[in-house]
Amino acid sequence: MAEVKLRVNGKSVIVAVDDDDTPLLYVLREELELKNPRFGCGLGQCGACTILIDGVPARSCVLPLSAVRHAEITTLEGLGTPENPHPVQQALIAAQAFFCGYCLNGWVMTAVALVRDHPHATEAQLRTAFAGLKCRCGSHLSILRAIRQLTEAGP
Amino acid sequence: MSFPRGEWLLDRRQVLLAGGALVVSLAVAAAETGSDPSRDSAQRPPLVPRELDSWIAVLPDSSVVAYFGKVDVGLAIQVAIAQLVAEELDVACDQVRIVMGDTATTINQGGASGSTGLELGGLAMRNAAARARAALLTLAARRLRNPVQTLEVTHGVVSVRGNESRSVRYGELIGGRYFHVRLEWNGELGNRLLVTGAAPLKRHSDYRVVGKSIRRPDLPDKLFGRETYVTDVRIAGMRHGRMIRPPVAGAVPTRVDERSISHLRDVQIVWHEGLLGVVAGKEWTAVKAARDLRVEWSSPAEPFPSQSTLYEAMEDAAPAASGGAAPLGDVEQALRAAATTIAATYYWPFQSHASMGPACALADVHADHATIWTADQKPHYVRNGVAALLGLPSQRVHGIWLRGPGSYGRNDGADAALDAAYLSRAVGKPVRVQGSRAEGTAWDPKSPASVHHVRAGLDASGRVIALRYHSKAFSRENIASHPDDPAQSLTGQLTGLPVRTKYVFDVPEEQYGFSSRELSWEVIPALLARASPLRTSHLRDPLGPQLNFASESFIDELAFATQSDPVQFRLEYLADERGIAVIEAAAMRAQWTPRTASSGRRTGELLRGRGIAYARRRNTHVAAIVDVEVNPRTGRVWARRWTVAHDCGLIVNPDNLRLVIEGNILHATSRALFEEVRFDRKMVRSADWVTYPILETRDAPESVDIVLIDHKEELPLGAGEPATRPIAAAIANAVFDATGVRVRQAPLSPERIREALLQRT
Chain A
94 MAEVKLRVNG
104 KSVIVAVDDD
114 DTPLLYVLRE
124 ELELKNPRFG
134 CGLGQCGACT
144 ILIDGVPARS
154 CVLPLSAVRH
164 AEITTLEGLG
174 TPENPHPVQQ
184 ALIAAQAFFC
194 GYCLNGWVMT
204 AVALVRDHPH
214 ATEAQLRTAF
224 AGLKCRCGSH
234 LSILRAIRQL
244 TEAGP
Chain B
1241 MSFPRGEWLL
1251 DRRQVLLAGG
1261 ALVVSLAVAA
1271 AETGSDPSRD
1281 SAQRPPLVPR
1291 ELDSWIAVLP
1301 DSSVVAYFGK
1311 VDVGLAIQVA
1321 IAQLVAEELD
1331 VACDQVRIVM
1341 GDTATTINQG
1351 GASGSTGLEL
1361 GGLAMRNAAA
1371 RARAALLTLA
1381 ARRLRNPVQT
1391 LEVTHGVVSV
1401 RGNESRSVRY
1411 GELIGGRYFH
1421 VRLEWNGELG
1431 NRLLVTGAAP
1441 LKRHSDYRVV
1451 GKSIRRPDLP
1461 DKLFGRETYV
1471 TDVRIAGMRH
1481 GRMIRPPVAG
1491 AVPTRVDERS
1501 ISHLRDVQIV
1511 WHEGLLGVVA
1521 GKEWTAVKAA
1531 RDLRVEWSSP
1541 AEPFPSQSTL
1551 YEAMEDAAPA
1561 ASGGAAPLGD
1571 VEQALRAAAT
1581 TIAATYYWPF
1591 QSHASMGPAC
1601 ALADVHADHA
1611 TIWTADQKPH
1621 YVRNGVAALL
1631 GLPSQRVHGI
1641 WLRGPGSYGR
1651 NDGADAALDA
1661 AYLSRAVGKP
1671 VRVQGSRAEG
1681 TAWDPKSPAS
1691 VHHVRAGLDA
1701 SGRVIALRYH
1711 SKAFSRENIA
1721 SHPDDPAQSL
1731 TGQLTGLPVR
1741 TKYVFDVPEE
1751 QYGFSSRELS
1761 WEVIPALLAR
1771 ASPLRTSHLR
1781 DPLGPQLNFA
1791 SESFIDELAF
1801 ATQSDPVQFR
1811 LEYLADERGI
1821 AVIEAAAMRA
1831 QWTPRTASSG
1841 RRTGELLRGR
1851 GIAYARRRNT
1861 HVAAIVDVEV
1871 NPRTGRVWAR
1881 RWTVAHDCGL
1891 IVNPDNLRLV
1901 IEGNILHATS
1911 RALFEEVRFD
1921 RKMVRSADWV
1931 TYPILETRDA
1941 PESVDIVLID
1951 HKEELPLGAG
1961 EPATRPIAAA
1971 IANAVFDATG
1981 VRVRQAPLSP
1991 ERIREALLQR
2001 T
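Chains as they are written, first to last, in our numbering: chain A, 94 to 248; chain B, 1241 to 2001.
The shape of chain A in the complex, shown without the other chains (with noise of 0.2 Å):
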């Protein structure tokens, strides 16, 4: 049994885990009791275990705790509010974009990072930057709306 310090969100937790191996995704959703990430494949395959680490969109399923403990991460919960959500998430909203939201994670978290680098980002980025991501119910194209519509609007 180890104990492991953690900044989620914005703020520091101590874990317990029975070794300090175990991939991110298992704390945040077992011992922080997130419901994101979501596990999809276990293999940094599909996307749908997505967080922050530092700002940057890493796949927590393959992520071992130990390499995470001085990083910053955000999941999906730290993103917005209904109150005062994240753009991207508006943009999603506002587009009606996926179907069952298991993947979700995914492509909210590429987004994020996406629109933050690069505000004016082309088609072809947009589409080079969901590389990797799964979705099985096809929800592709209202993801691509929904973030064109910011990437076009841009400041």
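FYI, nobody ran anything at the bench for these hints, they're computed from the structure.
C-beta atoms are modelled at their ideal positions from N, C-alpha and C, and glycine is treated no differently.
Don't take each hint at face value.
[As the list claims (entries may be wrong)] Partial list, computed: chain B residues near chain A (C-beta under 8 Å): (1) Ser1399; (2) Gly1646; (3) Asp1895.
Dock chain B against the given chain A, drawing on the hints supplied.
Same frame as chain A, now just chain B:
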């Protein structure tokens, strides 16, 4: 409680976590809906179809709860159901809350099934709502001392027409109490259930809510991370289970070495015949235990042919059953008399659900009752299956449906539920099971592989005088799509329950008026009878894509063989007015230019072409036109622009319908271009997103242009699957237009396209 006999290894070294800190009651409020807090349970009538109270409740604040015995797999059917209910009750849509798929509060309407959500499920909800309105008006007439015909309703406020000061709210009339009103019931449960009430239905011309693009209430919860999916439920004392599936098909454990995981804390092993699982306090520990446990397995005979010989093996196999549609005319004679005959054979592979997340379920099993939390799309049947597995009466098992990864048929959801129940009974604690990626992709029930032989005879003038369409295939349901029999689950099959399989297939539904026609099928036995990773069951639009790929590709071949334009050819032979209408609408919107041969254009290294396919699914009609780009060097096909005309009767929510059609197109494009289960003689080898690739964003179309055909005086028809059906054939027809090469085997993957283009040169 009767435990099965067998070997049980319950690790005695387990150390329970002090304090149980991981256990929270986060989701319990949402989950424990067995009682009905909105109404006084002492007065509650039985939960039977004949009671209006089984369908509709009015709360003191005049809001309405509608109890829907189907579920939303992600397409937002609950919005359309709320619209139908709000319309008949004359309340605003946001005054209606839909409760879905809870076996303690909803009637078994069959779960999500066959695009019947609105067509059948919605009909019952609408009729119940209309009856509730009539009951409310009777109460209001008494309260307001005015006859019913003088009353009108707006947003749940009943008033005397022309005198709005005399009014009463629904909540004041019955809020929090029961109607105790009877409905007529057709005696069916499941999809075919219908209730009707002695109450007038609103004229469609008076509709105010139906036909509006009401937005989805579930999206903010999902996007702010507040939605409780089945994966998020945690209850007191809950432990984590993982199953260990055979490394090769048909193998069973012969020895389990518990010392191999002695370094892991708090782990229990559950082993009975072929079923093997681990249960641990911490989830990651369960994952590691499943990974590290040393198991010796039996070496069964290799059950599968090599993949490259699959279709030959199918052709050679003796059929187990056959069937078809009633023949029209004498096809044999017409083929003999034909001036020309044209024949082609088409091939469709096994495909996987590969749901976005592997299935998850939580079971809490006690001696005389159990609770199962599931995201399976048929929660009532799952409840029945769990009850049968445990030997409990079904009313002693409470099934609670929660959202999960999008479900498009009989995926791995039911297997997870029965596994969880099995493990919970074994360890005497609530157990949450979540599959590995391989369980979602290698071990889910598959859509069947099929071979389709099509032959047509033409007379001297080029008129089609005979069509013979014959499929040889695996059954559509080696296991039933209704998981109410444990023998139809992996849990049951791995623990030795007798295997029963259904041998059924189907024929194309499109109705071309050829003067003689024969549509038939033969089904061959499963390659492995028990717990096969290639066992078949329903995947979105079961059999639709494969049957239509063959039939609509062949229609194109016939058109070109007779120097006809593919659009014109279809219009010439179709008698079905609604089929004709969607084809004409799509062709007009896409500005289809007639062609009588491959008309592809080359731009740089890309070949461009356009194709059409038409599909009928029950009474929904779809025509799809696609512009593709083919890269002959890489073999990549990009289905770039779609134009789709869609007729599903009355349109309840146009914007959401457009999204549903888009989702169908994307999912079906993925199946048409990329998806094929890989296997060798021992085992399915597609087990993740690398070995079972699906459509990525780069492959998503540039545009989808949808023409909706609305029938305002009719009832809504299915839309969750029909647009899946013509997609593969449309793409194959466009690839022919672009390249002059007819690809008759799905998927049209880069390797297959490269190969086909090489063979031409």
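Quick rundown of the hints versus the structure:
Because the smallest distance between the Cβ of B/Ser1399 and any Cβ of chain A comes to about 34 Å, over 8 Å, the interface hint for this residue is violated. Interface restraint check: B/Gly1646 against chain A, minimum CB-CB distance 4 Å, threshold 8 Å, status holds. Because the beta carbon of B/Asp1895 sits about 7 Å from the nearest beta carbon in chain A, less than 8 Å, this interface hint is met.
Violated hints amount to a single one, hint 1; each of the other numbered hints is respected by the structure.
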